[in-house]
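K.L.:
Both chains are given apart, each in its own frame, so use the hints to dock them into the complex.
One line per chain: the protein sequences are A and B, in this order. Going by the working numbering, the first residue of the first sequence is number 1, and it counts up by one from there. Going by the working numbering, the first residue of the second sequence is number 1, and it counts up by one from there.
Hints may contain errors.
From the derived model, a few chain A residues whose C-beta atoms are all more than 10 Å from chain B [said to hold, decoys possible]: (1) K8; (2) P21; (3) E31; (4) V34; (5) E40; (6) E47.
Subject to a maximum C-alpha distance of 30 Å in a straight line, what follows is the list of computed BS3-like cross-link-like pairs (lysine-lysine) [unchecked claim]: (7) K65(A) to K18(A); (8) K204(B) to K119(B); (9) K8(A) to K82(B); (10) K320(B) to K65(A); (11) K82(B) to K18(A); (12) K322(B) to K303(B); (13) K8(A) to K35(A); (14) K303(B) to K202(B); (15) K186(B) to K320(B); (16) K35(A) to K65(A); (17) K204(B) to K186(B); (18) K18(A) to K8(A); (19) K18(A) to K204(B); (20) K18(A) to K320(B); (21) K202(B) to K186(B); (22) K8(A) to K65(A); (23) K202(B) to K18(A); (24) K119(B) to K303(B).
By construction, these hints were calculated from the structure, which means they are not laboratory data. Yeah, the Cβ is synthetic: ideal placement off N, Cα and C, and Gly gets one too.
Read off the chains here:
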Amino acid sequence: MRIGVDRKRCEGYGMCEKAAPELFELDQAGELIVKYEGREIPAEYEEAGREAVRVCPVAALFVEKES
Amino acid sequence: MTTAIGRGAPRFEVDLFSDEILTDPYPTYARFRAAGPVVWLPVTGAYALSRYEDVRAGLGDHETFISGRGVGLTDEGNATRKGVIIASDNPLHDQLRAVLAERLSPRAMQALRGEIAEKADAFVAEVVRRGSFDAITDLAQAFPLTVVADLIGLPDHDKHRLLEWADAGFNLWGPRNERMLRSLEKWTELTSYITTQATREKLKPGSMGAAIYEAADRGMITHDQCPQLLISYLVAGVDTTINGIGNAIWFFGMHPDQWEAVRSDASLIPSAFEEVLRMEAPLQLVRRYCVRDVEIGGTPVPKDSNVLMIYASANRDERKWKDPDRFDVRRNPVDHLSFGYGLHGCAGQALARLEAHAILQGLVKRVRRFRVGTPVRRLNNVMRGLERLPVDVEL
Chain A
1 MRIGVDRKRC
11 EGYGMCEKAA
21 PELFELDQAG
31 ELIVKYEGRE
41 IPAEYEEAGR
51 EAVRVCPVAA
61 LFVEKES
Chain B
1 MTTAIGRGAP
11 RFEVDLFSDE
21 ILTDPYPTYA
31 RFRAAGPVVW
41 LPVTGAYALS
51 RYEDVRAGLG
61 DHETFISGRG
71 VGLTDEGNAT
81 RKGVIIASDN
91 PLHDQLRAVL
101 AERLSPRAMQ
111 ALRGEIAEKA
121 DAFVAEVVRR
131 GSFDAITDLA
141 QAFPLTVVAD
151 LIGLPDHDKH
161 RLLEWADAGF
171 NLWGPRNERM
181 LRSLEKWTEL
191 TSYITTQATR
201 EKLKPGSMGA
211 AIYEAADRGM
221 ITHDQCPQLL
231 ISYLVAGVDT
241 TINGIGNAIW
251 FFGMHPDQWE
261 AVRSDASLIP
271 SAFEEVLRME
281 APLQLVRRYC
291 VRDVEIGGTP
301 VPKDSNVLMI
311 YASANRDERK
321 WKDPDRFDVR
331 RNPVDHLSFG
341 YGLHGCAGQA
351 LARLEAHAIL
361 QGLVKRVRRF
371 RVGTPVRRLN
381 NVMRGLERLP
391 VDVEL
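If we strip away everything but chain B, and leave its shape as in the complex, we get (with noise of 0.2 Å):
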C-alpha cells in the first residue's frame, strides 16, 4: 500500500530554492538533519535526504531513486535534457558513460597532466603578476573555460558563452522559479549553437567534442546521440570546476592559517581541494524519483516521489564529520560526496582535481597571502559559487 505523499515526515514549509536560502543553506540543512532522516518539503512537493549516510545509501541505490526520469522538479526542466548521461539509467547510462570515460577517467587524463600543469603555472604568474584582480572572472573562470573549450575543442572565441548556457543548465534542475523560466529561454540558444554552430566539422580534430562523433561512428552510440552528450561536456565542466576554484581562494582568503599550512606543505594541495568541496558542494542537490515503496530511517517514502539528495547537508553532517563547519585542509575528506557517488559520480572528476591542483600548485608557489574583499554571490537553484571576488595577494 502506497503510503500519502509527505505522511509521517517532518514537515518544512520552506522554499529551498529562494534568495534568502540560497544566500545561506547550511542552517536550513542543519534543520533537517535534526529533524530526522527524511523530511517533507511541501512547497517544492519533495522529500529530502539531507544526512551523509541516507544521502550516500540513497545515491547507491539507483534502482530505487531513478534519474531517467530527469534530476530536475519539473517537467519542462526535465525535457530539455531528455536521454542525457545525467537523466539516464541503465543501459543507456552506461553506453554513454563509456564514451566519455574513454577521455576523461584518470587513465585518459595521465595524458594531459603535463600540459594542464604547465599552462595553469603560465596562466597563475600573469594573474598574480597584477597584484589585485577579481578571484572569480580573472581566474576561477578564465583557466577552466581556456582548458575545457581546447579539450571539447570548440572556437575559442565562443568559450565565454558557456558560462551562462551552464548557469541555464542547473537552474533548470530547480523548481518552476523566476530562475527557472528565465533559464528556458537561454536553453534555446544552447541547442541551436550546437545544432548551427559547433557543429562536427568545427569541432577541433582529435578533441573530446570529435570523439563523440567519432564513437557514434564505431557504433558505440547514434548519432542522433551526440549533441547531448556534447551539451553534457559543456555544462558540467565548467560551472563546477570554476566554484570549486572560486571557493578554494575565497576559503584561502578567510583562513590565512590554512593557506600557510598549504603553503609550507604542497602535498596537502589535494587535500586541501576535497576539502574545498566538502564545505561548498558546487552542486548543492539532485532530484531522484522514487519507484518504490521505501522506508528510510522507518520513515516511508512512497513511490512516484521526487528525493531531494542535498550533498551539500551530507557534507556537513555532524554524524559523519568532526566539527564540519571548520575548514581543515589536512582533513583529506575523500569519501564527501560534492562528485555524487557510484552510478552517476561525476565522470570529469578528474579533470577537475587536475585543473584545481594545477591551478593551486601555481599559486603555492607565488602567493604568501589573499586579502580578500566582499564576495558577490550569484544564485543558481542547485549551483553554489560567487559572481565577484576581489583580492589583493601578497607575493
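In isolation and in its complexed conformation, chain A is listed as follows (with noise of 0.2 Å):
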C-alpha cells in the first residue's frame, strides 16, 4: 500500500503522526515527515496507516495505491 500527501491541504494537525509514528512524523517547525512517500509501506503498517489517513481533519492523506 501507498499513501500520498496533498502537500497543500496539509496544515501539520499531527492527528496521523499520533496514529502511525512509524509512518508520519512533524518535524521541529511542524512540517510533515512522510516517511515511505512514494514508496510501498511495510505490511505490518498498513492498519496505522490506514488509521492515518482517517483521522487527518483537513483529508490531506489518501490511500494512492492498495497493497
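P.N.:
Printed below as a string of C-alpha cells:
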C-alpha cells in the first residue's frame, strides 16, 4: 500500500503522527515528514496507515495505491 | 433522470429549527439515523444525513455537495456571506484558506502556546477565586473573547459586541424563521462595523487582522476580499470555542467522576475535550447543495437539492461509537465531526484546542469539583450552547 499526501492541504495537525508514528512525523517546524513517500509501506504498518488517513481532519492524506 | 425531490427517502414532518427540537435535538437525530441513511424534511425542504459514515463521506465529496451556493437554507441568509471561505468552492476556497492557514495552522499556533497558557492560567486563577461564578459569561465567553479580539487586533472595548454578531451569523444559516429574520438586521451592524470602524488602520500591527490586509498587498487575495475574511475570523472564532469550553464545564459538573479522572491524570485533557466536542457539537449541522443526481445507501438524492450534514448526529451514531450517549473522557474520539471534515474542516481547530486545553489545565490545577446549577440554554438555528450556567467550585 502507498499513502499519498496533498501538501497544499496539510496544515500540520499531527493526527497522523499519533495514529502511525512509524509512517509520519512532524519536524521541529511542524512540517510533515512522510517516511515512505512514493514507496510501499511495510505490511505491518498498513492498518496504522489507514487509521492515519482516516483521522486527518482536512483529508490531506489518501491511499494512493492499495496493497 | 432526476428523481422527484423527497421521493424514496423516509419523510419526517418535523421542524428541526423549532424551539422544542433545538432544546433537545438528540431524540430526533436518533429517529433519523434509525430510519435510513437519508431522510427528507419537507418542512425545511432539505434532505438530511445523520449517520457518521454518510456525513463524513458527504463532507469528503465537496464536488457533489458544494458550499459555493451557501451553507445556509435561505437565499437572504446566503447573500450575507457571498464569497466567504466557508461558502466557497475551489479554487476560491484554497486561495482564501491559505491566508488564514498562515496564521491559524498548528505550525503557526506553536508560537502562541506559551502566551495563551499563561493568560489562561492567570484568568482561571482570578475567576475560581470567587468560589461562585457563571461558567458561561465569566469564563467560557470572557476568555476566548479576549484572546480573539487580541489576535485579530480589534480594540478591546469592541469585543463584547462579537457575541451577538456571531450568534446572528449562525442564525442566518437556518430557515426563514424568526431567529433568522431578526439576525438579518443584526448582521448589518457587523458589516457596518467592519467597513467603518474596524478598518485596516484600526487593527493592531502584527495581528491576524492586519495580516489579512498584508496578504492582499502581496497579491494572495484582493483587497475587496479582506472584510469578509475578517468577518470569518470574528464569527467563527468566538461562539464555537465558547460553547466548547462552556459545555466542558457543564459536563464535568454533571459527571464528577469524569472530572476526577482528568484531575488525577491531566494528560487526559486533550481526549476529554474531544469527547465534549463529540457529545455536543457546537455547530450542529451545515447545509450543502447537491449538484448531481446521487444515491446514498440506495436512496436517491437528486441534483439541486439541499442536504443537511448533521455533525451532532454523526457524533452520536451507534454504528460508529460504542455507547454513544455516554460521556467518557478516555474515549479520545479524534475523528468526531464537530470541526467538520475535509476541504472545509475547521481552519481554527488548533486555536480552539489551544484555548480549551489551556483553560482546562488551569482548572485541573485548582478545582476539585464543580457544582453546577440549572443551565439556561441559548437557542440558535445551528449553534448549540448555553447562555448561563451557575457554578460553585470546591477548591
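K.L.:
For K18(A) and K204(B), compute the direct alpha-carbon distance and say whether it is at most 30 Å.
P.N.:
36 Å, violated
K.L.:
Are K202(B) and K18(A) close enough, with their CA atoms no more than 30 Å apart?
P.N.:
Not satisfied, since the Cα-Cα distance of roughly 41 Å exceeds 30 Å.
K.L.:
Taking 30 Å as the top limit, are the C-alpha atoms of K18(A) and K8(A) close enough?
P.N.:
Holds. K18(A) to K8(A) sits at ~21 Å (cutoff 30 Å).
K.L.:
Given the proposed pairing of K320(B) with K65(A), does the C-alpha separation stay at or below 30 Å?
P.N.:
Since the Cα atoms of K320(B) and K65(A) sit roughly 26 Å apart, the hinted pair holds (cutoff 30 Å).
K.L.:
Between K18(A) and K320(B), is the straight-line Cα distance small enough, at 30 Å or below?
P.N.:
Holds: K18(A) and K320(B) sit about 20 Å apart, inside 30 Å.
K.L.:
Just to be careful, I want the Cα atoms of K202(B) and K186(B) compared with a cutoff of 30 Å; is the pair within it?
P.N.:
With a Cα-Cα distance of about 22 Å, the restraint between K202(B) and K186(B) holds, given a limit of 30 Å.
K.L.:
Hey, does E47(A) actually stay past 10 Å from chain B on C-beta?
P.N.:
The claim stands: E47(A) keeps its Cβ more than 10 Å from every Cβ of chain B (closest is about 15 Å).
K.L.:
Taking C-beta pairs only, is V34(A) more than 10 Å away from all of chain B?
P.N.:
16 Å, holds
K.L.:
Measuring Cβ to Cβ, find out whether E40(A) lies farther than 10 Å from everything in chain B.
P.N.:
25 Å, holds
K.L.:
Could you grab the alpha-carbon distance between K303(B) and K202(B) and see if it respects the 30 Å cut-off?
P.N.:
45 Å, violated
K.L.:
Between the alpha carbons of K186(B) and K320(B), is the straight-line distance 30 Å or under?
P.N.:
39 Å, violated
K.L.:
Between K204(B) and K186(B), does the CA-CA distance stay at or below 30 Å?
P.N.:
25 Å, holds
Hint violations for this structure: numbers 1, 3, 11, 12, 14, 15, 19, 23 and 24, all remaining hints satisfied.
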